[in-house]
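Numbering (my numbering), first residue to last: 6 to 655.
Some hints could be false.
[Stated by the list, open to error] Here are the computed lysine-lysine pairs in the DSS-like style, where the Cα-Cα straight-line distance is at most 25 Å: (1) K203 x K164; (2) K441 x K478; (3) K504 x K573; (4) K432 x K562; (5) K478 x K251; (6) K104 x K157; (7) K266 x K192; (8) K164 x K192; (9) K413 x K481; (10) K606 x K573; (11) K378 x K636; (12) K250 x K266; (13) K478 x K417; (14) K474 x K298; (15) K522 x K258; (16) K298 x K413; (17) K562 x K474.
In short, the hints are calculated from the structure, not lab data.
All values reported here derive from a predicted model rather than from experimental measurement.
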Amino acid sequence: MKKSPTTINPQAEKITVLPVNNIPDDFIMGVDVSSLVSVEAGRAKFYDANGMASDPIALLKAGGANAVRIRVWNNPNTNDGRTYGGGANDIEVACNLGKRATSLGMKVLIDFHYSDFWADPNKQTPPKGWEKFSLEEKQKAIAEYTTGSLAKLKKAGVKVSMVQVGNEINNGLCGEIYDAEVCSLVKAGADAVRAFDKNIQIAVHYTDPLSEGYLEHKASLLEKYGVDYDVFGTSYYPYWHGDVKKLSVVLRKLSNFYNKKVMVMEVSYPFTDEDGDGFGNVVSTMSANQEFKYPLTVEGQAIAVRDVIDAVVKVKGAGIGVFYWEPAWIPPKHFDLSRNDAEKVLAYNQNCWAQNGSGWATFNARDYDKEVKSAVNGGTWDNQAFFDFDGKVLDSINVWNYARTGSKGDLKVVHIDDLRVEFAYGKQNELPATAKVAYNDGSIVDEAVDWHRAQAETVLIHPDFGEYKVTGKTKKGDDVTCYVNVTASNLLVNGNFEKGTLEGWTITNDLGKGNPKVDKNNQNAKEGLCYATGWEPDNFDFTLSQELKGLDKGEYKCFASFEGTGIKNPSETCLVAEIKRKNGKIEVLKANATVPNQWKKFDRVEIPNVMVDDSVDTIVVKVRMAVEFAKDGANGAWLVCDDVNFLLVK
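Kindly produce the complete structure, drawing on both the sequences and the hints.
Structural data, given as C-alpha cells:
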C-alpha cells in the first residue's frame, strides 16, 4: 500500500494559529497552483514532513485545502511557439492540473484572463488574435472561447465547480476600459458558462477591496448591465491592502446590497524575507509601498491567512471561501550565494525560466507585455510558498486544518502597530510612553518603549514642519516605530480633503478631463483616509483653488504632497501661491512637483517664505493637476494630491 504523505512533523517546533469560529463544512479552502507544471518541468521536487517525495497537490490537500484555482491564457506564446512564461498557462496546462485535482476529490476553479498573458489592474491586453476585433466580435469570441475551453476540460475529466470571468478587472477587460463595454464582455462570458452547465458557479474578480465604496460601485455596474453571476470575489494581500478587519465590512456590504456570495480570490504572505532562486521577490522588506502586519515567518504566514479566513467566515451565509495564490511556486533549484555551486545553480534556474516558463515572464513576452523589460525574469513569489526553497512542506501548509482545530506553540509577538502622533509646531510635546504589542495567543499588551535618543531629540527640540520617524524598543527588545507629524493650524478649508468632498475648493477644468474628485482609501492617502485625485486614459489638466482673506501679518509656508502612476510627464503639476496686493499687483510663487510615478511614493513640494504685510489683499492657493499619459504599460494616468497646507510660521 502506498504511504500517504504527511504535512505534520512532530519533532518540529509548533506554530500557534487560533481557531476560526463557525467555519461552514463546505467552506472553500483553495490554492492556486497555476505555475506548478512549469515548476515540475524544471525537475523541482516536493517533500512531505518526513522528507518523502510527494505530489504537491496531495500535500496541499493533506494540509486542508479542498479546491484548486487555475488561470487560463488564450495563447501565451509567440507566433513561432516560444513561451511567455509565468507558468505557460494555456488550456492544455489547465486540463493537466484540473485532472490531477479532480482525481484527488478537490473542487476546480478556472480563472479565464481573456488575454495571452497577465491580466490585472495595470493591463488587460486582448489576445493577439482578437486585437482588431470590434466589441461585438469580442463578445462572440469570449463566449466561444469559454464554451470551447470548458468542453476541453470536461473531455479531460476535469470537474469544474466555478469559473472566474476575467481577472482583477478593475480597469477593464480584454482591451475595453469603459463600464458598459467591460460589463458586456463579462456578461458574454458569464452567459456562456451558464449555458454550458448551470451547476457551475460564476465569479467576478476585482481588487483594491478597502477603497471606500469602490467594490460596491463595481457591483452596482454589474447589476445595472444585467450580468448574471453568483460570486463577487476580490484579491486581498495584507501587505498592500490594509486592515483585514475592514475586509469583512466591505464583503458584508456587497452581500447585503447585491445578494451575492463573496470570497477572497487571492491572498498570500511571506514566510521569509530571503530569496531562494537568484531573482528578487516582489514582496520584501526591501520593497517600497508594503506594510507587514505579521512577522515574515512560517507562523506569521499562517496567521495572516487565518485572519483572512476569519474575515470571510464572519460574512455569515455569504462568505464562501479563500484561495491562496501560488503556494507551490518554488525555485527549480535552491540558490544560495554562500554555496560553492551558486553560479551553476543560477544558470540552471535561468535556463528553466526561459525554457519551461517557470519565471514570472520570459523575454519572449516583451512585445506583448510592455512590463517585460529584462532579458532574464525569474520567480518572484518563492518566499510566499507553503514549501521551503528545497521543496519541503512548511507547517503553514496546515493553516486550513489549523483554522478549524487551532494549533498552539510558544508565545510570540505577532505585531506592534506603528504609532502616529501629531505635534503642534512650536509647542512642548511628548512621545508615547507605551506601545500595544499583539501576541499570537490573541492578547494585546501595553508595553513601555525606550526611544532612540537622537531621533527623539530631533522631534522634541524645535522641529520644523513635516513628518519624522522615531524608532525604539520595548523592554523585551521588540522594535517600535512612531511617526510624528509636526503641524500647525491649517488656514485652508478642507486642505486634507478629509470631508470626503472638494468642499472649500474651486475646480477649473477647461479640458473636461481627469474626473476631479475626492476618493477614500487610506492606502492611497498621504495621511488619513481621503485625497484629491484625477484619472483618465489620456492627458488631463485641472486646478483646485482656494482664496484666503484677512490674513495676519507674518511669514507663512505652503506645502502639499503628490503621487501618481501611468504618467509620462508631470508637465505643469505644481503648487501655486498667488499673492494679490491692494494696489492690483499680483505676485506668483510656484513649486513644481516631480511625481515619482510609483504608488505610495509621494513628492512633497513646498513654497516657503510667503510674506504677508499690510499691502496684501488676498492669497489664492492653487493645486494644478496636469499630466501627460504614459500609454505604455498603464490603463490611465492617475494623480493624487493630499495634505495641502497653508500655515503661519512666525
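Checklist entry - Of the hints stated earlier, which fail here? => result 3, 5
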